[in-house]
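Undergrad: Based on the hints, put chain X in the right spot on chain A.
Protein chains: 2
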Amino acid sequence: MPYEFYYWPGIQGRGEFVRLVLEEAGADYVDVARGPRGMSTMMRMIEAADHPPFAPPFLKDGDLIIGQTSAILLYLGARHGLAPKDPAGGLWTQQIQLTIADLVAEAHDTHHPISVGLYYEDQQDEALQRAKDFRQNRIPKFLGWFETILTRNPAGDAHLVGAELSYADLSLFQVIEGLSYAFPKAMTRELRKVPRVAALRDTVAVRPRIQSYLQSPRRIPLNEEGIFRHYPELDG
Amino acid sequence: MPYEFYYWPGIQGRGEFVRLVLEEAGADYVDVARGPRGMSTMMRMIEAADHPPFAPPFLKDGDLIIGQTSAILLYLGARHGLAPKDPAGGLWTQQIQLTIADLVAEAHDTHHPISVGLYYEDQQDEALQRAKDFRQNRIPKFLGWFETILTRNPAGDAHLVGAELSYADLSLFQVIEGLSYAFPKAMTRELRKVPRVAALRDTVAVRPRIQSYLQSPRRIPLNEEGIFRHYPELDG
Chain A
0 MPYEFYYWPG
10 IQGRGEFVRL
20 VLEEAGADYV
30 DVARGPRGMS
40 TMMRMIEAAD
50 HPPFAPPFLK
60 DGDLIIGQTS
70 AILLYLGARH
80 GLAPKDPAGG
90 LWTQQIQLTI
100 ADLVAEAHDT
110 HHPISVGLYY
120 EDQQDEALQR
130 AKDFRQNRIP
140 KFLGWFETIL
150 TRNPAGDAHL
160 VGAELSYADL
170 SLFQVIEGLS
180 YAFPKAMTRE
190 LRKVPRVAAL
200 RDTVAVRPRI
210 QSYLQSPRRI
220 PLNEEGIFRH
230 YPELDG
Chain X
0 MPYEFYYWPG
10 IQGRGEFVRL
20 VLEEAGADYV
30 DVARGPRGMS
40 TMMRMIEAAD
50 HPPFAPPFLK
60 DGDLIIGQTS
70 AILLYLGARH
80 GLAPKDPAGG
90 LWTQQIQLTI
100 ADLVAEAHDT
110 HHPISVGLYY
120 EDQQDEALQR
130 AKDFRQNRIP
140 KFLGWFETIL
150 TRNPAGDAHL
160 VGAELSYADL
170 SLFQVIEGLS
180 YAFPKAMTRE
190 LRKVPRVAAL
200 RDTVAVRPRI
210 QSYLQSPRRI
220 PLNEEGIFRH
230 YPELDG
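Protein chains in written order, with numbering that gives the first Met the number 0: chain A, 0 to 235; chain X, 0 to 235.
Keep in mind that the hints were calculated from the coordinates and are not lab data.
Treat the hints with care, since some could be wrong.
What the hints assert, rightly or not - Below are the SDA-like pairs computed for lysine to any residue, each with C-alpha atoms no more than 25 Å apart in a straight line:
(1) 84(A) - 84(X)
(2) 59(X) - 77(A)
(3) 84(A) - 63(X)
In this text, all values refer to a predicted model and were calculated from it rather than measured experimentally.
Chain A extracted, bound-state conformation (with noise of 0.2 Å):
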């Protein structure tokens, strides 16, 4: 039985994340919500289960269902061979996952420092400054934890964890993707910094399965929908 996976049609957002994961694994699977009918099968789900998600992104494998993108990768990577199979491994992918979950959201809050109910034109000012201190301090401080924890890991600087591919790296991956498209500015300067971040984007940029997915309509197209958006007054 495929997985469903389910998410707001029309934005990578946190979604993304889990469709990079789906796809590296070659795991057969549904994106619901692009389907017909598939957003109000997804508003029922969270209606009406036991469980129910606090939002989307959530994933269905047979009778259960899991929310939060960390942990539904804490699932997937365990199922699929995306993180390493001893408990320390394990969660060291998972507090790799945690802090860009944390930039992921800082992200979103560039534009939309005061609420996710009002436009982004009607907070666009505080978004100007919330977006100069993330592109001053906090990018430069996240990717340079990226940097150093690549620098240091035992096994060489090829993957965040051990010598494998793990989830935590197609994470890095689409958070440096995202973050690119909406600071192209700010990230060109800043990867240069970072060459063992930016040779790892590279890396998976290439991988079979990512490649051909991200050539295949079921990559959407960043756009100003999303978590990452490119409003060029908050670049620089």
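TA: Positioned in the frame of chain A, the structure of chain X alone reads:
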């Protein structure tokens, strides 16, 4: 060998979610940064570890260092019977924890909507707007979700997961305590709408080890340096 727990001394912050689990478990632990030369020990570990945490809190168990609150609780919950042993129950507990972590991050941003590097006073206008949205929209949405999952719990509404205490219950207690300190007016109003959440908070508060901990000097009082700050102008 006792656990070594590391967090900023002087605040409850994210570290408090870990402290509550250690206390309820009756675990032997040292709150390192509150002891002599503790801060320099903490900073040295972040500087030198193969697996450096991005930020405190982190936990050291023998050679294992775990950062990110939710990952620490995933680890401790399994070791101390504060999460179901079955994989589905363990994931559900973690999913709830991750949603609580999202709420905690949003609570923090009510007083720091622009930058963690600026004082509250330098972003107070924006904080007034963000806090209003948080009180009116986000607190009700999160509390409503907790009430819903208590209501739908097939094992009864006394606990978030199954029929036993889990780390998710302890974390819900803590976030209610923090929000009630920061936003007493709003929380008095909102808690009336979620009687199961309020009852669970009360249940946790009188557990013998928790009650003893709350009355001890180990429990740092909430204050205006932490995540949950009482600025009367942000309440209402």
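Undergrad: Confirm or reject each hint.
TA: Quick rundown of the hints versus the structure:
no. : hint          : result
1   : 84(A) - 84(X) : holds, 18 Å
2   : 59(X) - 77(A) : holds, 23 Å
3   : 84(A) - 63(X) : holds, 15 Å
Going through the hint list in order, the structure satisfies each hint without exception.
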